[in-house]
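Trainee: Sequence:
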Amino acid sequence: MDIAGSAWPLYKLQALVVGLVVGLLLLVVTSSVDVAVLAAAGAATLRWVLGSAMLVGSRHAHHG
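Its first residue numbered 71, the sequence shown is counted upward by one per residue in the working numbering.
If you are wondering where the hints come from, they were derived from the structure by calculation, not from laboratory data. A virtual CB, placed ideally from N, CA and C, is assigned to each residue, including glycine. Misleading hints may appear alongside valid ones.
[Unchecked claim] Cβ-Cβ distance ranges computed for the label pairs, FRET-style:
{"#": "1", "residue 1": "Thr115", "residue 2": "Ala77", "range": "15 to 25 Å"}
{"#": "2", "residue 1": "Ala77", "residue 2": "Asp104", "range": "15 to 25 Å"}
{"#": "3", "residue 1": "Leu125", "residue 2": "Ser101", "range": "30 to 40 Å"}
{"#": "4", "residue 1": "Ala77", "residue 2": "Val105", "range": "32 to 42 Å"}
{"#": "5", "residue 1": "Ala77", "residue 2": "Leu97", "range": "30 to 40 Å"}
{"#": "6", "residue 1": "Val87", "residue 2": "Ala123", "range": "13 to 23 Å"}
{"#": "7", "residue 1": "Ser101", "residue 2": "Met124", "range": "15 to 25 Å"}
{"#": "8", "residue 1": "Asp72", "residue 2": "Val126", "range": "13 to 23 Å"}
{"#": "9", "residue 1": "Ser102", "residue 2": "Met71", "range": "25 to 35 Å"}
{"#": "10", "residue 1": "Val126", "residue 2": "Leu86", "range": "16 to 26 Å"}
{"#": "11", "residue 1": "Val98", "residue 2": "Val126", "range": "14 to 24 Å"}
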């Protein structure tokens with residue numbers, strides 16, 4: 071995906087959206103900024119790492 075002239079893999083955008091959604095939902099449900107920020111950061115990081123790992127894995131499968 072092209073953002074401001076720079077190519078971004080879809081999993082990075084998904085990670086940002088996941089983090090925002092989790093953070094906002096938990097902020098509304100718990101009214102705790104600490105819980106919302108930590109959970110959002112964890113969810114976004116998990117999506118980012120899994121997306122990156124799947125991308126690397128698919129590259130190795132095609133070049134193996």
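Trainee: Look at each hint and say if it fits the structure.
Mentor: Hint check results:
| no. | hint | result |
| --- | --- | --- |
| 1 | Thr115 x Ala77: 15 to 25 Å | 21 Å, holds |
| 2 | Ala77 x Asp104: 15 to 25 Å | 35 Å, violated |
| 3 | Leu125 x Ser101: 30 to 40 Å | 37 Å, holds |
| 4 | Ala77 x Val105: 32 to 42 Å | 34 Å, holds |
| 5 | Ala77 x Leu97: 30 to 40 Å | 32 Å, holds |
| 6 | Val87 x Ala123: 13 to 23 Å | 19 Å, holds |
| 7 | Ser101 x Met124: 15 to 25 Å | 35 Å, violated |
| 8 | Asp72 x Val126: 13 to 23 Å | 22 Å, holds |
| 9 | Ser102 x Met71: 25 to 35 Å | 33 Å, holds |
| 10 | Val126 x Leu86: 16 to 26 Å | 20 Å, holds |
| 11 | Val98 x Val126: 14 to 24 Å | 36 Å, violated |
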